[in-house]
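K.L.:
Make a model of the complete structure from these sequences and hints.
The listed protein sequences correspond, in order, to chains A and B.
Quick note: the first sequence uses the numbering used here, first residue 1, plus one each step.
Quick note: the second sequence uses the numbering used here, first residue 332, plus one each step.
It cannot be assumed that every hint is accurate.
As the list claims (entries may be wrong) - Quick list of in silico lysine to aspartate or glutamate cross-link-like pairs, EDC-like style, CA-CA up to 20 Å:
{"no.": "1", "chain 1": "B", "residue 1": "K426", "chain 2": "A", "residue 2": "D323"}
{"no.": "2", "chain 1": "B", "residue 1": "K426", "chain 2": "B", "residue 2": "D405"}
{"no.": "3", "chain 1": "B", "residue 1": "K427", "chain 2": "A", "residue 2": "E238"}
Stated by the list, open to error - A short list of chain B residues far from chain A (calculated; beta carbon distances all over 12 Å):
{"no.": "4", "residue": "Q396"}
{"no.": "5", "residue": "T423"}
{"no.": "6", "residue": "G437"}
{"no.": "7", "residue": "M442"}
{"no.": "8", "residue": "P447"}
{"no.": "9", "residue": "H468"}
{"no.": "10", "residue": "R477"}
{"no.": "11", "residue": "L548"}
{"no.": "12", "residue": "E550"}
{"no.": "13", "residue": "E589"}
{"no.": "14", "residue": "L609"}
No lab work stands behind these hints, which were simulated from the structure alone.
All C-beta atoms, glycine included, are put in the ideal place defined by N, C-alpha and C.
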Amino acid sequence: MLRYFAQRFIFMIITLLFVSVVIFIVIELPPGDYAERYAYRKLASAGQDVTEQDMINVRHEFGLDKPAPVRYFNWITDIILHGDFGESFLFNVPVRNMIGDRIWLTMALASTAILLTYALAIPIGIFSALYRHSFGDYLATFIGYIGLSLPNFMLALVLLYFSVTVLGSSAGGLFSEEFAEAAWSWPRVVDLLEHLWVPAVVLGTANTAFHLQTMRATMLDELNQLYVDAARARGIPEWKVIFKYPVRIALNPIVSYLGFDLGKLVAGAPVVALVLSLPDAGQLLLQALLQQDMFLGGAILLMISTMIVIGVFISDLMLAALDPRIRLGET
Amino acid sequence: MDIGTEQIDWDTLLEVQDLKVSFKTDEGIILAVNGISFSVQRGQTLGIVGESGSGKSVSTKAIMQLLPRTAVVDKNSSITWHRENGETVEITQLKKGGREMRRIRGGEIGMIFQEPMSSFSPVHTIGNQIIEAVLAHRQVSKQEAREIAIDMLDKVGISNPSVRVDQYSFELSGGMRQRAMIAVTLSMNPSLLIADEPTTSLDVTIQAQILELMNQLREEFNMAVIFITHNLGVIAQVADEVAVMYLGQILERGTAKEIINQPQHPYTQSLLKAIPRLDHLGKRLTAIGGDIPSPLERPGGCPFHTRCEQAISGVCDTQIPTLTPISNTHTVHCFLYE
Numbered sequence: 001m002l003r004y005f006a007q008r009f010i011f012m013i014i015t016l017l018f019v020s021v022v023i024f025i026v027i028e029l030p031p032g033d034y035a036e037r038y039a040y041r042k043l044a045s046a047g048q049d050v051t052e053q054d055m056i057n058v059r060h061e062f063g064l065d066k067p068a069p070v071r072y073f074n075w076i077t078d079i080i081l082h083g084d085f086g087e088s089f090l091f092n093v094p095v096r097n098m099i100g101d102r103i104w105l106t107m108a109l110a111s112t113a114i115l116l117t118y119a120l121a122i123p124i125g126i127f128s129a130l131y132r133h134s135f136g137d138y139l140a141t142f143i144g145y146i147g148l149s150l151p152n153f154m155l156a157l158v159l160l161y162f163s164v165t166v167l168g169s170s171a172g173g174l175f176s177e178e179f180a181e182a183a184w185s186w187p188r189v190v191d192l193l194e195h196l197w198v199p200a201v202v203l204g205t206a207n208t209a210f211h212l213q214t215m216r217a218t219m220l221d222e223l224n225q226l227y228v229d230a231a232r233a234r235g236i237p238e239w240k241v242i243f244k245y246p247v248r249i250a251l252n253p254i255v256s257y258l259g260f261d262l263g264k265l266v267a268g269a270p271v272v273a274l275v276l277s278l279p280d281a282g283q284l285l286l287q288a289l290l291q292q293d294m295f296l297g298g299a300i301l302l303m304i305s306t307m308i309v310i311g312v313f314i315s316d317l318m319l320a321a322l323d324p325r326i327r328l329g330e331t
Numbered sequence: 332m333d334i335g336t337e338q339i340d341w342d343t344l345l346e347v348q349d350l351k352v353s354f355k356t357d358e359g360i361i362l363a364v365n366g367i368s369f370s371v372q373r374g375q376t377l378g379i380v381g382e383s384g385s386g387k388s389v390s391t392k393a394i395m396q397l398l399p400r401t402a403v404v405d406k407n408s409s410i411t412w413h414r415e416n417g418e419t420v421e422i423t424q425l426k427k428g429g430r431e432m433r434r435i436r437g438g439e440i441g442m443i444f445q446e447p448m449s450s451f452s453p454v455h456t457i458g459n460q461i462i463e464a465v466l467a468h469r470q471v472s473k474q475e476a477r478e479i480a481i482d483m484l485d486k487v488g489i490s491n492p493s494v495r496v497d498q499y500s501f502e503l504s505g506g507m508r509q510r511a512m513i514a515v516t517l518s519m520n521p522s523l524l525i526a527d528e529p530t531t532s533l534d535v536t537i538q539a540q541i542l543e544l545m546n547q548l549r550e551e552f553n554m555a556v557i558f559i560t561h562n563l564g565v566i567a568q569v570a571d572e573v574a575v576m577y578l579g580q581i582l583e584r585g586t587a588k589e590i591i592n593q594p595q596h597p598y599t600q601s602l603l604k605a606i607p608r609l610d611h612l613g614k615r616l617t618a619i620g621g622d623i624p625s626p627l628e629r630p631g632g633c634p635f636h637t638r639c640e641q642a643i644s645g646v647c648d649t650q651i652p653t654l655t656p657i658s659n660t661h662t663v664h665c666f667l668y669e
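P.N.:
As structure tokens, this is what we get:
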């Protein structure tokens, strides 16, 4: 187990290094850089022509004239050694100050959506498999397919409309006005949870439907396995047979999807955040990428990727705990 | 008249009377077991032989109430279980997952299956599953159950049982798995063991070892056994009594000696001819002509008449042969003997 843990951990670190390189390249890829935008905005708006010399000066000022590998190296060592993500070109403040809260909110949003997904998909999936072809099974499948096919922004708009007209509350944002700028306190957490459910439902719905079908299908497979009948033939009570054997094994694919789930949620978040005007990292990322603010964009991408990679790591560990075949290196 | 009804005495453990099992499928109703009767005596081994689809597994699953939900057991069928303390229980009347049925499952009738690999959960240790079984049927502590588990693994010939008890089924070889399965079943101390093709998926040398182990343990635990197989050669080694099944019916019954030495039914005769023998090396084996009819198109009359070389036309295909005694212990359903 310890060897497995160490192995996964080293893989995680290596993956993160690769990811950081890829992120750096991706940010560099679009034609032009922030220096051009900056120079044109500053000088052209003042009615001056932008000269070659101006560009060189601006590039030098931002450190953009150094070769890419050097810039990558400076960028990544500052992050690892000092936790310094550089300064946002766009806002002229350290990136760290800008994204701290937003990353936490993105994480809160993602984990709430995942917990919601599990809490709904697993029990309903088990029920659907046990009572296959029943009315409840068909209903769950039907609602599941609707959830799977509805685009997120559509669902967000519908829930927004519903919560304003029926519940009489504004679903937009993550906080009520009085808590928006307040320091963290218990009432603020409660307020956050009250606002979090709408985006969590929006983000989690498609995934819930997906996992519900996975759970149902694996359960149906496992229920037909001989070891289930063998357990029944030992006189074990039915509920214990079901939960100890097939359910436990059917959880495997769900758990192993945790990393992908996080990825999907984080990728889906910006659009939902836009519709619901949430101050999460997604919205900021969109802005940073549009303006080629590479330190800001890179930092957010890096944080999000780290989240996903850690999610994969956790799911690997959970899988090893669930399934001895993985732990003991058998297939 | 049937041997089962003739021999009701304290020695009878299990009596199956006119068992009919059908399955509802999309193509229609399939009659898998068509009115079979047999009984098992205390300490004796009944061998049930038949090709795949003959209904041998279905009938034993009916005894354990392990049939899938699509299966229907005819309401005139009766499965009577005689407990050690003299109580009799009508299994067909019991609730499927109820307390009484669970007491019988494992604790009174144990079952081992064809696939030792998939009979164990891949994510629980062997010991976990033995201990669970022991705790379900015996009043012992967890620690005692663990000792029973180690003891049983030792009894079935698994070396180093105190280590093996914490291993998973995928860490054992096929033969070892089947030994472990036998250990699970015997740890609950059943008086009847149903073995559904227990050696079919094992290679021949391992088969012989498992058969010997089962014979030895049967004597030690004084168990009765229902041994299901498609292999008449195996039956000769283990069974006291043999029932030959075809398309959900028992065609012939007798002691193992009678069935092997004086087979009466043409089906039994052709099955025996299909066994490879050392004194017939070089000759081709005789296969039974034709295929097993689809269960959806059961032939009328004697179920075997479509493949029988001695079929009497106008008789075998229209009338159902009745039970004809050959000796006190030997009966056959065939017009050749009526």
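K.L.:
Would you list, in rising numerical order, the hints stated earlier that this structure does not obey?
P.N.:
1, 4, 6, 7, 8, 9
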